[in-house]
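J.: Sequences are here, hints too, so could you generate the full structure?
Protein chains in written order, with the numbering used here: chain L, 210 to 613; chain Z, 210 to 613; chain B, 504 to 658.
Calculated directly from the structure, the hints in this document are not laboratory data.
Treat the hints with care, as some may be off.
[As the list claims (entries may be wrong)] Here chain Z is said to cover these stretches of chain B; the calculated rule only asks that three of the stretch's residues, wherever they fall, bring their Cβ under 8 Å from a Cβ of chain Z:
1. 621-635
2. 644-653
[Claimed, not checked] Between beta-carbon pairs, the in silico distance windows are:
3. E480/Z <-> C504/L: 26 to 36 Å
4. V572/B <-> G481/Z: 12 to 22 Å
5. E386/Z <-> V507/L: 21 to 31 Å
6. R600/B <-> Q258/Z: 55 to 65 Å
7. V507/L <-> F435/Z: 37 to 47 Å
The C-beta atom is built at its ideal place from N, Cα and C for all residues, glycine as well.
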Amino acid sequence: NINQRKAEAALTGFVIQPIAADELDPAAWGVNYPLQYERFMMTEINYGQTPYGGSEPYSKLERYPAMVRIWAGYAFSVDHNEERGHFYAQSDQENTQRVQIVNQPGACINCHSAEAPGLIAELGWEEFNHTPYNDLVERLHTGSSCADCHDPATMELRITRPAFINAMTARGIDLSEATRQEMRTYVCAQCHVEYYFAGDNKVLTFPWTNGLNIDDISEYYTDLGFKDWTHAESGAQMIKIQHPEFEMWSSGLHAANGVACADCHMPYIREGSIKVSDHWLRSPLNNLEAACQTCHNVSVEELERRVVTAQNTTAELLRSAEAALLDAIDAIVAARAAGASDEDLAEALRLHREASLRWDFVSSENSTGFHSPQEAARILANSIDFARQAELAAKAVTAALSGN
Amino acid sequence: NINQRKAEAALTGFVIQPIAADELDPAAWGVNYPLQYERFMMTEINYGQTPYGGSEPYSKLERYPAMVRIWAGYAFSVDHNEERGHFYAQSDQENTQRVQIVNQPGACINCHSAEAPGLIAELGWEEFNHTPYNDLVERLHTGSSCADCHDPATMELRITRPAFINAMTARGIDLSEATRQEMRTYVCAQCHVEYYFAGDNKVLTFPWTNGLNIDDISEYYTDLGFKDWTHAESGAQMIKIQHPEFEMWSSGLHAANGVACADCHMPYIREGSIKVSDHWLRSPLNNLEAACQTCHNVSVEELERRVVTAQNTTAELLRSAEAALLDAIDAIVAARAAGASDEDLAEALRLHREASLRWDFVSSENSTGFHSPQEAARILANSIDFARQAELAAKAVTAALSGN
Amino acid sequence: MTVPSSPAPLSWRILILMAGLGILFGLGAFTFTYAEGTSYISNNPETCVNCHIMRPQFSAWVKGSHHNVATCNDCHTPHDFFGKWFVKGVNGFNHSRAFTSGDFPEPIQITDFNRNVALNNCRDCHASLVSQVVLGGQHEELDCLACHNGVGHDD
Ligand SMILES: [Ca+2]
Ligand SMILES: [Ca+2]
Chain L
210 NINQRKAEAA LTGFVIQPIA ADELDPAAWG VNYPLQYERF MMTEINYGQT
260 PYGGSEPYSK LERYPAMVRI WAGYAFSVDH NEERGHFYAQ SDQENTQRVQ
310 IVNQPGACIN CHSAEAPGLI AELGWEEFNH TPYNDLVERL HTGSSCADCH
360 DPATMELRIT RPAFINAMTA RGIDLSEATR QEMRTYVCAQ CHVEYYFAGD
410 NKVLTFPWTN GLNIDDISEY YTDLGFKDWT HAESGAQMIK IQHPEFEMWS
460 SGLHAANGVA CADCHMPYIR EGSIKVSDHW LRSPLNNLEA ACQTCHNVSV
510 EELERRVVTA QNTTAELLRS AEAALLDAID AIVAARAAGA SDEDLAEALR
560 LHREASLRWD FVSSENSTGF HSPQEAARIL ANSIDFARQA ELAAKAVTAA
610 LSGN
Chain Z
210 NINQRKAEAA LTGFVIQPIA ADELDPAAWG VNYPLQYERF MMTEINYGQT
260 PYGGSEPYSK LERYPAMVRI WAGYAFSVDH NEERGHFYAQ SDQENTQRVQ
310 IVNQPGACIN CHSAEAPGLI AELGWEEFNH TPYNDLVERL HTGSSCADCH
360 DPATMELRIT RPAFINAMTA RGIDLSEATR QEMRTYVCAQ CHVEYYFAGD
410 NKVLTFPWTN GLNIDDISEY YTDLGFKDWT HAESGAQMIK IQHPEFEMWS
460 SGLHAANGVA CADCHMPYIR EGSIKVSDHW LRSPLNNLEA ACQTCHNVSV
510 EELERRVVTA QNTTAELLRS AEAALLDAID AIVAARAAGA SDEDLAEALR
560 LHREASLRWD FVSSENSTGF HSPQEAARIL ANSIDFARQA ELAAKAVTAA
610 LSGN
Chain B
504 MTVPSSPAPL SWRILILMAG LGILFGLGAF TFTYAEGTSY ISNNPETCVN
554 CHIMRPQFSA WVKGSHHNVA TCNDCHTPHD FFGKWFVKGV NGFNHSRAFT
604 SGDFPEPIQI TDFNRNVALN NCRDCHASLV SQVVLGGQHE ELDCLACHNG
654 VGHDD
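T.: Quick look at the structure:
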């Protein structure tokens, strides 16, 4: 009622209990900020599937069986699910077969546990990264926490992850100069980015020195001579791409117009007469009024249609790229059966790698193209072109070996 | 109501001289509407090139030499230029080699001369379409005219071209129910659309009964068993696509938001104390303030960047599709040299046709992808995929014939 | 896109009476005075902002192109006497009810009814400027807001 509203409006950021500098437990922060805490804890809720996203952790390998062969020989081909709320960040990692069938490094912890900054301070950056995950897992208790994004003294947004600071510094960007609006994206870009483990110390690194688009990233890996794994069927030196949300968003129109991750994934909601950022991070399809209507003066149905149209187009091209990749793999396998060497197949293998990492960039990006619709389609067009060229190159090798 | 009466008074108050029902000369209309007439005559001006469009009628065949082979055996491979202002609609058609090396039907006149409706009334619809262009050309004097779009008595927008009425009626759309905003697109869709000449009478027809996207259009032509020409190198039964602006626009976000052709190509301009529709139809890049800034509150530089970014992406994929098409043609030619029959090559030829008409849909659409950026990229991804598959199919035939 | 038609020329006299009664009895005198229902009677924009819910529009209007030439009521109530008081009555009732119950969409969306009120006011103030284009020969009047959505307050 009106009385209450007026009272609430007067009440702003009243700190009941100072928060310790090393406090990780969201509940402790929640004493002062119950509205944010309450919504943050809702990331535990399974609100169901959206056409391509949502919080139901279904098996992607079952839904898109081509993935099993596209990633043949890599742990992703054994276990990979649709991701869900921040509540599960630590436990989903601990329970994936990807940490069981492979001895993963501590580097994995960077983005999945609030304990990471403390362990880094304790062990040192390189040491933390290469210590086996299984040696450190006992010490992890908190997945995502307020401390990941906020300074406990001032509640300002802050960057807590070294890999992001290193990558931005290498690109000549001084994070201490970041505007408030930029910080509303940067806090997410600590984790929602493509990464690799550099060198023997498995140092978590973002491949951004040439730029953020996939052509730049591909060139970076090629110049470095880096591979994530060797393809079990074709023998190509492969790159796996993971969740490049920040990179894909960067090429889109929302980024060009200064629209941050938090604008859509943490829109303001009214609690009584106070407006707070919705800390229930989730699919905006679950929440289109708040997420979009402040900027787009159209109906929820039209907004949903916009998102799903862009996603359907992306999905159609993803399936075409998968078909082309499987054909390329088949052709390379056939060439090997006909006696082709790695040298004979050099061009086919290079094209297989290029096609696969481009498909992966769109496939692993969690918006199914929405964050940058035309760029997603461009990348898939190139993926298809390279995959078909890999197939042609392999078949030419086979034909030559059979004496034509 | 009061506003309406005031406005009517203002508009008809200008009428110095009633306009005859069959008046075609813009100058005669201009006596009453000098502001619109003056701007309309500016379509004669060459305002220069934009990155991909503009009014300089340069040779497209020189700028994109792949077109000569892609259209081999068809008149377009001899003469095809960037289009320019409405002022030239009649003369550019009369002077193109496409009406000299081929005996074109009267159907061509439909969109290039204001005399078309009169001739149709005189000769009848079918007769008009199949009478040779050269027999009628003497009677053409007015290219684009006010009469194409306006009713001389009321100045209402009106549809004057039967092909558009027929096509819309076949889709179950009653044009007499069109809203004002729809008419601001429909008047353009009389001409800025894909067409073919149906049957022996060469009746101008729009291939829309399955829908407006390229997959629907392709299916339409296949079901009909139609071809525009036989490819001189590959022997495929080809489809040529021309200026599908209306179809491409239909799949885009502007269409979904009710933004009409006239909103961007005829924005309001202020002339003294009155605003009028800018009848200088041209590239909005020549006029971004008026064309875009009322809806998009960003700088002209940012608007230009948006247009050109979408266009550069489209252009990159157009060039990739051209490379794939040439490779496909080469492979089919090589298969024929190795002794392949039309039957052996059936699949390769089908794929060549599908790839080529998809490339053409984007290439011939005059916005270089801007009217629907993601859809343009999707179409080109499919074009590349089909062209590479055509190449693979042809090479498989060659390999089989050489005894593998 | 559909272009909304203008509100029917109703019998303002009767309706204003009904709306007035609506405010008094429908709402209850307490809500009316406490929620500054009287705001609807004044022409001063500050009074709309007595409801904090109206603040974004107010702040944007202050920075907007119409700040010096049009107040909230110049756009949001009809320019003829009876229409003005009728619309004030209806909106006063609706908004007070919504504010009290808290039951309204976020972000707030203008109703078709009020959108038409604003549209007619654009056409009224800018009548001579848009005299040629407002009809342009067509029966449907031009929808100014298709292009000038943010003129009042681009919030
Ligand atoms: Ca998810
Ligand atoms: Ca042009």
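J.: Go through the numbered hints given earlier and state which of them the structure violates, listing their numbers in rising order.
T.: none
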